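Using the hints provided, position chain B relative to the given structure of chain A.
What follows is each chain in one-letter form.
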Amino acid sequence: MAQALSLLLDRELLALNRAVGELRRRNLPIESLAVGPGDAPGQARLTVIVNTDDATAEMTMRKLHKLSGVQSATRFPVRDGVARELALVKVRVPPERHAELLDVCDMFKATVVAEPPEQAIVQLAGTGAFVLAFVRALERFGILEMTRSGAVALPCLPAE
Amino acid sequence: MSVAELLSGAQILCRVLVEEGVDTIWGYPGGAIMPFYHALPDVPEIRHVLVRHEQAAAHAADGYARATGRIGVCVATSGPGATNLVTGLATAHMDSSPVLAITGQVPRPMMGRDAFQETDVLGITLPITKHNCLISETRAAIAIATEGRPGPVLIDVPKDVQNQKTEYRPVSGVGRQVSSARFSLTPDTQHLTPPDDRVRQAARLIAAAERPLLMVGHGVILSGAYDEVRRLAEKTGIPVITTLLGISAFPESHPLHLGMPGMHGEVHVNRAIQHADLIVGIGLRFDDRVTGNTKGFAPRAAIVHIDLDASEIGKNVPVAVPIVGDARAATARLVAAVAPRRCEAWIAEVQGWARQREESYCGDLSPENIVAAIHDAAPDRCTIVTDVGQHQMWVAKLYPYRRPNTHITSGGLGTMGFAVPAAMGVKLARPGEAVWAISGDGGFQMNMQEIATMVQERIAVKMAVFNNGYLGMVRQWQQFFHGGRYSATPIWSPDYVKLADAYGIPGWRVERASDLEPVLARASAQPGPALVEFVIEQEANVFPMIPPGATLSEPIEAEPAAAAGD
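Chains as they are written, first to last, in my numbering: chain A, 1 to 160; chain B, 1 to 566.
The set of hints was computed from the structure by calculation and includes no laboratory data. Note that the structure is a prediction, hence the values are computed from the model and not measured. Glycine included, each C-beta is placed from N, C-alpha and C at the ideal position. Be aware that one or more of the hints could be misleading.
Claimed, not checked - Estimated spans, in silico, between C-beta atoms of each pair:
no., chain 1, residue 1, chain 2, residue 2, range
1, B, A460, A, D53, 53 to 61 Å
2, A, M146, B, G123, 29 to 37 Å
3, A, I30, B, G123, 17 to 25 Å
4, A, N17, B, W477, 31 to 39 Å
Chain A extracted, bound-state conformation (with noise of 0.2 Å):
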């Protein structure tokens, strides 16, 4: 069952390299790693998507939490909340397949962001299999690059 685990850490590697390897040693199917900001100055947001069942979930919750530089740790079903990711495409667009290109962006709610010559960099937000279906849908006009991020996520029930 996919999980997602939200950590706030101190804003050093250190801390991210203490988080990330205690999930390397437990040898746990990461999904989807994103880090960020944290919510206060000096604080970073972790958030991994792990598929794995409740016991190990909640057993690695625990070592996260004790670990030094991890402030608050918390974990919620994905099922219960919303998980989304962010992609940046970049394609090749000649003039002439600019509307066609502005037509699948709007069945994706996609935006384009930069327009260089002959090439236009969408952003989409999304579902991982949701991304997937646009990044297909991309595919006629020919992918240039491509970056993905993992995955952010809140509970829509409170997490425990």
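Only chain B this time, still in chain A's reference frame:
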């Protein structure tokens, strides 16, 4: 009131150690830590012990910490000095011992350029320290190491930081109170009061149980819960099992004391676990050497688990009643909550399973005789530090520990070479008491260079070497589980009497039981370090033994050939 002084980073480090009550440090100088060593002679409050290998510094600091409950400090230079600390830090980490390691580091502008003697010691020690960091407030590092569940902390101090001058104001009184809480370290478990309903639930289980057991571990020693555990046992009549690191937490002579469980636990102890309907575990982590195969561990028992570290609850065995909290406070609450009861029928049943130890010994110099003779020759106040292997199990099972925290060993990591350097730390922590380092011929040869440290620093550790010419425990496994193929386990030893002589200390070789008493009497009477070698049966085994992967119900009780028909 305090006046600011302009001090170097190294001088500040020394000052803070003194202000934190550190009186002894163990170390080895080198390039990147030289400013610290330059400042050290101006600090007479701190005794520095020059070891012969940095591993010994870490073990000695660990021994000192285990004996005092206070921070043990070791110091090394960058690169090889720092990497040599690794085994000692991992040992302290596994056994929850508060050790502070201070390592020199190349100057900051050189870091990451593969400078001479540069190594990423923070990266290396990340998973084996409770906390580590570059530079840092030393006070906070000590607080983190000692608060909550203790553990080692490493601070890496670049040489330019040691040299850099800055204003320093000594802190005293209230201002000195530093809490690791400032550093966001598990704030919730440290001062947790166990919930009343959990304690009441545990008390109800104790009242209803027909075959209850207490299992106590290192947490009882770390929190000093001796009286509380004893009161709990005496009020309820529940027999007490002590894990390897829980030995000496409960007097061996007490009628309720059962013994050590697990891989080399006595048959009646393990059988008690397998028949128990309730296990109250206090400050132990249900390690695999204790439980055997967890699938078959204590199949009839509900488990009440008291531990300071929430991540230990349910880690290895399912727990019916978790009580997260300090062993001493939680046990005291439980004592107040339980109703007095007795367990006579159950104890009689367990005692009925006890059997005479299988004597697989040729000659009269048996482990039983040696351990008894060491005990008889030792003064009342004596701490035994053991290494890892067969002798460790024999001593754990046979030495009649009476006083709390007088058995110190590397349990979790199983570090051969631990005993000799750790005993130095224990000896400086308890200068008025006898300290024996008991090793096998394998482990002794891993750190015997520290005899030189003992001589130079006048550290009067008595060393015992159980010499059977084999890496005995590995050989035993080879005999039992690898078809008797003694691959790489025969081990040659130097002449230990001559070795002792070369270091200028008295040494004896004991080959007959009749020599035990006179030799141990003379060794004990020595004012300085002394070495006694016991030439024991080469292929003696530790019985009983639970094979790896088997349950506690499947002990090997005799030589494999004899046991084959069972």
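Hint-by-hint comparison with the structure:
1. B:A460 / A:D53: 53 to 61 Å: Cβ of A460 (chain B) to Cβ of D53 (chain A): about 55 Å, so the range 53 to 61 Å holds.
2. A:M146 / B:G123: 29 to 37 Å: Holds, since M146 (chain A) and G123 (chain B) (Cβ atoms, about 32 Å apart) stay within the stated range.
3. A:I30 / B:G123: 17 to 25 Å: 20 Å, holds
4. A:N17 / B:W477: 31 to 39 Å: Hint holds: Cβ distance 36 Å, inside 31 to 39 Å.
Checked against the numbered hints listed earlier, the structure breaks none of them; every hint is satisfied.
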